[in-house]
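Protein sequences appear in the order of chains A and B.
Under numbering that gives the first Met the number 0, think of the first position of the first sequence as 0, with each following residue one higher.
Under numbering that gives the first Met the number 0, think of the first position of the second sequence as 0, with each following residue one higher.
Just so you know, the hints here were simulated from the structure itself, not pulled from any lab data.
Keep in mind the model is a prediction, meaning the values are calculated, not measured.
Errors might be hidden in some of the hints.
As the list claims (entries may be wrong) - Derived contacts from chain A toward chain B, CB cut-off under 10 Å, selection only:
1. SER93
2. GLY98
3. LEU325
4. ARG326
5. GLY355
Every residue gets a Cβ at the ideal spot worked out from N, C-alpha and C, and that includes glycine.
Protein chains: 2
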Amino acid sequence: MISYDEALRLILTETDGILPGTEEIILQDALNRIIAEDVISDINMPPFDNSAMDGYAIRFTEIKSREITGEISAGNFSNISVDETNAVLIMTGSKIPEGADTVAAVEDVIVSGNEIFISSDSKIKKGSNIRPLGSDLKLGETCVYNNKVITPAVIAVLAGCGRAKVRVYNRLKAAILATGDELIPITEKPDGDKIRATNIFALKSAISASGHITVDCGFMKDDRNLIKDKINGLLQSDADMLITTGGVSVGKYDFMKELFEESGVERVFWRANIKPGKPFYFGRHRKGNKTKLVFGLPGNPVSTLVNFHVYIEPALNAIFRQKERLRIPASLTGRIKKSDGKRHFCRGVLSNGINGPEVFPLSSQSSGNYYELGNANCLIIVPENILNPKEGEILECILI
Amino acid sequence: MISYDEALRLILTETDGILPGTEEIILQDALNRIIAEDVISDINMPPFDNSAMDGYAIRFTEIKSREITGEISAGNFSNISVDETNAVLIMTGSKIPEGADTVAAVEDVIVSGNEIFISSDSKIKKGSNIRPLGSDLKLGETCVYNNKVITPAVIAVLAGCGRAKVRVYNRLKAAILATGDELIPITEKPDGDKIRATNIFALKSAISASGHITVDCGFMKDDRNLIKDKINGLLQSDADMLITTGGVSVGKYDFMKELFEESGVERVFWRANIKPGKPFYFGRHRKGNKTKLVFGLPGNPVSTLVNFHVYIEPALNAIFRQKERLRIPASLTGRIKKSDGKRHFCRGVLSNGINGPEVFPLSSQSSGNYYELGNANCLIIVPENILNPKEGEILECILI
Numbered sequence: 000m001i002s003y004d005e006a007l008r009l010i011l012t013e014t015d016g017i018l019p020g021t022e023e024i025i026l027q028d029a030l031n032r033i034i035a036e037d038v039i040s041d042i043n044m045p046p047f048d049n050s051a052m053d054g055y056a057i058r059f060t061e062i063k064s065r066e067i068t069g070e071i072s073a074g075n076f077s078n079i080s081v082d083e084t085n086a087v088l089i090m091t092g093s094k095i096p097e098g099a100d101t102v103a104a105v106e107d108v109i110v111s112g113n114e115i116f117i118s119s120d121s122k123i124k125k126g127s128n129i130r131p132l133g134s135d136l137k138l139g140e141t142c143v144y145n146n147k148v149i150t151p152a153v154i155a156v157l158a159g160c161g162r163a164k165v166r167v168y169n170r171l172k173a174a175i176l177a178t179g180d181e182l183i184p185i186t187e188k189p190d191g192d193k194i195r196a197t198n199i200f201a202l203k204s205a206i207s208a209s210g211h212i213t214v215d216c217g218f219m220k221d222d223r224n225l226i227k228d229k230i231n232g233l234l235q236s237d238a239d240m241l242i243t244t245g246g247v248s249v250g251k252y253d254f255m256k257e258l259f260e261e262s263g264v265e266r267v268f269w270r271a272n273i274k275p276g277k278p279f280y281f282g283r284h285r286k287g288n289k290t291k292l293v294f295g296l297p298g299n300p301v302s303t304l305v306n307f308h309v310y311i312e313p314a315l316n317a318i319f320r321q322k323e324r325l326r327i328p329a330s331l332t333g334r335i336k337k338s339d340g341k342r343h344f345c346r347g348v349l350s351n352g353i354n355g356p357e358v359f360p361l362s363s364q365s366s367g368n369y370y371e372l373g374n375a376n377c378l379i380i381v382p383e384n385i386l387n388p389k390e391g392e393i394l395e396c397i398l399i
Numbered sequence: 000m001i002s003y004d005e006a007l008r009l010i011l012t013e014t015d016g017i018l019p020g021t022e023e024i025i026l027q028d029a030l031n032r033i034i035a036e037d038v039i040s041d042i043n044m045p046p047f048d049n050s051a052m053d054g055y056a057i058r059f060t061e062i063k064s065r066e067i068t069g070e071i072s073a074g075n076f077s078n079i080s081v082d083e084t085n086a087v088l089i090m091t092g093s094k095i096p097e098g099a100d101t102v103a104a105v106e107d108v109i110v111s112g113n114e115i116f117i118s119s120d121s122k123i124k125k126g127s128n129i130r131p132l133g134s135d136l137k138l139g140e141t142c143v144y145n146n147k148v149i150t151p152a153v154i155a156v157l158a159g160c161g162r163a164k165v166r167v168y169n170r171l172k173a174a175i176l177a178t179g180d181e182l183i184p185i186t187e188k189p190d191g192d193k194i195r196a197t198n199i200f201a202l203k204s205a206i207s208a209s210g211h212i213t214v215d216c217g218f219m220k221d222d223r224n225l226i227k228d229k230i231n232g233l234l235q236s237d238a239d240m241l242i243t244t245g246g247v248s249v250g251k252y253d254f255m256k257e258l259f260e261e262s263g264v265e266r267v268f269w270r271a272n273i274k275p276g277k278p279f280y281f282g283r284h285r286k287g288n289k290t291k292l293v294f295g296l297p298g299n300p301v302s303t304l305v306n307f308h309v310y311i312e313p314a315l316n317a318i319f320r321q322k323e324r325l326r327i328p329a330s331l332t333g334r335i336k337k338s339d340g341k342r343h344f345c346r347g348v349l350s351n352g353i354n355g356p357e358v359f360p361l362s363s364q365s366s367g368n369y370y371e372l373g374n375a376n377c378l379i380i381v382p383e384n385i386l387n388p389k390e391g392e393i394l395e396c397i398l399i
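Pulled out of the complex, with its shape left as it was, chain A reads as follows:
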């Protein structure tokens, strides 16, 4: 069976085949979208030499005293010229008057009536406290690069460049289908051997939290022909990826792998050496120059969400050329039982400890227990070669 690293490598390789389209949207709607252009600044930033402090604009010389001949505040420029003999009171952010080359901060001067004296212990030198035109960014320079996530700070930069609209990548569309004779709607009370179909809700919100959209195909009974028709239809649809749950293990009704392949999906791998979520299927469906990714997840709710975070989320990030997720080393505050050579992704609660991040492993690591998954804020990565990690051991975590 392949390792997690190999499985992930195989998935990331296939993401090259996905080509998201783009659309132009208004800046107010762009938060958390991914920019699909290099944005050039249409102005110098700052747009004029300005004062970094409240103080006095002067022409720098050895002369200590100057007459105050006016004042300038932000947005109220006054065309007073400055030479060796005079000074202009100036507020932070205001445009520097002609002739001035330095700002003496309020604390560097002594004011006496209409005169200022540069204090003898002042450290000002020529150019002090002036932020020159274009010093942050020059007209024509690229200020936001293609594929950047649009955070509040990026929105500020785009607004600074006058971009009321911006081109972003389309959200991807993931079709989600749950399968299993045991499934019933969540509004019903399970009776006999039925269980509520929670996976659809979990996956829809996980995709949505990643910034993408879903087509909810509901759940279907384990009927080969009906499921095959559905899969065929979805492979012809405009969905970018197909995510199913159930029917990928080794049991008698685990026929999803066959149905995918009968429908033209090429298998990339089935099963990797991880826990939970081992019986994961990954394939691709090619039509013309378009590739759809096909993720067959086990029906178990914890496996489903863990598979999402360890396979699908990295795939989504790779499609949009995002950096690898941050791995946060943390000290274990409890033991984890692990006696096999798989890579385990254990559910944990990561928090600030006295000596840095610490992580509490939730007591039951049963792959059925999604109640406990609800309490987790991270997955603790226990590598293949580490057995039964103990309290105090440092393990890497990814936030979920």
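Assemble the complex: chain A is given as a structure, and chain B must be docked to it using the hints.
Coordinates of chain B only, in the frame set by chain A:
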């Protein structure tokens, strides 16, 4: 001047006065909202004893051979009873038949025609591979506690409890007003000493990224009377907090502090010993049993966003009883110039290094440079007592 820790403590104390209302929404819309009830499970989870593996349901005894008398898959329970003499083929997640107390995994048995033999090196014992009814969560137990953020996993838990609707806290409403004679709309090209009003965009998206809503009051010129009328109006409105930018420093036109107080705002503090964003004002406005928080931010775009992350974001989290943000220790990959006793919040790029997280401090730490803030994914915390931290030094970072 007060320290950052003291400033933050003063803010967090005031958050007790904010009482958010609640509303009931449908589960599909609940992602990232904060739950406003303790949710009780309406069923046992799992709802029946079920098999954790594909295998054979048996009654545990020393007898090694059994006749296969039927099969059960998930959702297809079959009422076959089991005793010492027989076994039922059972798929993962399926309900355990009457009389069986153990599941022998496929790899623990040898199948010969219609008979199975328990392998002599098998480690199964009574109860193996059975997940008992209610072992994850019992009927009537609390499964999601008040104030929990609704993540995809929490959505799965709520769906499992049949909750098609859920009670959540209302989003808070923040009124945002920028002030300054220098401001022009972002769609205009700055001329003379004007600059584009980017702060409104930055704050609106920052509030929105925190899950709350904003009332965009645009920007106003530095006109005492007009601004005072506006502030008075906002203090009587249904906004939960008021955030302004500009006019809180020591310059001649920095009259926001006075206007707040003339309008009935009680000052909690003005200025804390941090960089950037020192001239930050914080006050409260009480009316009946309702408190509004008033945040007066400096006009500088970097200070604005840093103040948001170090003051307003923790306040929002505290109002909803969220845990302290995670601080991630990282190794500096460059130097930071810092020669004063303030707490600095420097902009950095945090990533996975070979030996754990590393952080690159962006070259210009000018508080005007929001272009560089756009490239940052974290704030590097440089404490008061650390001067000029060097490459390799470990500093804590918060994600932004």
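These are the hints, each one checked on the structure:
Taking 10 Å as the C-beta cut-off, the interface hint given for SER93(A) holds, the closest approach to chain B being about 7 Å. Proximity of GLY98(A) to chain B is violated relative to the hint, the smallest CB-CB distance being about 16 Å (cut-off 10 Å). Because the smallest distance between the Cβ of LEU325(A) and any Cβ of chain B comes to about 6 Å, under 10 Å, the interface hint for this residue holds. A least Cβ separation of about 5 Å between ARG326(A) and chain B falls short of the 10 Å threshold, and the interface hint therefore holds.
Contact between GLY355(A) and chain B, as hinted, is supported at the beta carbon level, the nearest pair being about 5 Å apart and thus within 10 Å.
When held up to the earlier numbered hints, the structure conflicts with hint 2 and nothing else.
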